[in-house]
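Peer 1: Sequence:
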Amino acid sequence: MTGNLRRGKFIVFEGIDGAGKATQTKLLLTYLQKRRQPVEKLAYPDKKGEVGKLIYKYLHLQYGLSSQTQFLLHLADFAKDREKIRSWLRKNKTVVADRYFTSALAYQGAQGFSFNKALLLAKTFELVSPDLVIFLKISPKTSLKRKHKEKKLLDRNEKDKKFLAKVAKFYEKMIKNQTFARWLLVEGEAPKKEVFAAIKKELKL
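Numbering (my numbering), first residue to last: 1 to 205.
A couple of the hints might just be wrong.
Stated by the list, open to error - Derived CB-CB ranges, DEER-like:
1. K141 with L59: 14 to 22 Å
2. K26 with I175: 18 to 26 Å
3. E202 with A22: 14 to 22 Å
4. N92 with L153: 37 to 45 Å
Said to hold, decoys possible - Distance condition first, Cα-Cα at most 30 Å in a straight line; then the derived DSBU-like pairs of lysine-lysine:
5. K9 with K26
6. K91 with K169
7. K192 with K162
8. K26 with K141
9. K48 with K93
10. K151 with K53
11. K145 with K161
12. K93 with K192
13. K137 with K162
No wet-lab data here; the hints were simulated from the structure. Keep in mind that this is a model prediction, so the values were computed, not measured. Glycine included, every Cβ here is placed at the ideal spot set by N, Cα and C.
Build out the structure end to end from the sequences listed, making use of the hints.
Peer 2: Right, here's the structure in full:
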């Protein structure tokens, strides 16, 4: 990606839990807003939506779901925003998302949901492909350390170190194959300002 993002772009931050996605999303939005560039923010699961609420209940152990049901819930969460995203992009806004369909590929894929079936469903439901997915790379050990510092009660994914390692492998596969979008890997272990400086450099901001 070159230039200063004056044309509408769809940028997604990805990574395992605790990678700093919310932080870097906020930093990028603030940076662009200060330069008077029109921006919009998305975050998944959508805590305000009915589907997102169901996903959070699952994550906090209120009930169990198969990987297929989990994936379909996430898919519905993304699909509901299709036209909104397209409208923003047509208005030359930069859309920045904390997680997107690529999270479902990694997390539900790590639980056995078919990678190819997931991509086919994304095509069938006409999900908007990001212009760029920025993957913030951290270790499962760092993930657990950060999440324990952030809150006392971790959800079912956040506290499962082995599962996070498996999810990370799926992300690595997507980065290698540039799956669904163009991917950029940024080391996320450094302090947040250093990570953001690296992101700005890569985006040529």
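Peer 1: What are the numbers of the hints the structure violates, in ascending order?
Peer 2: 6
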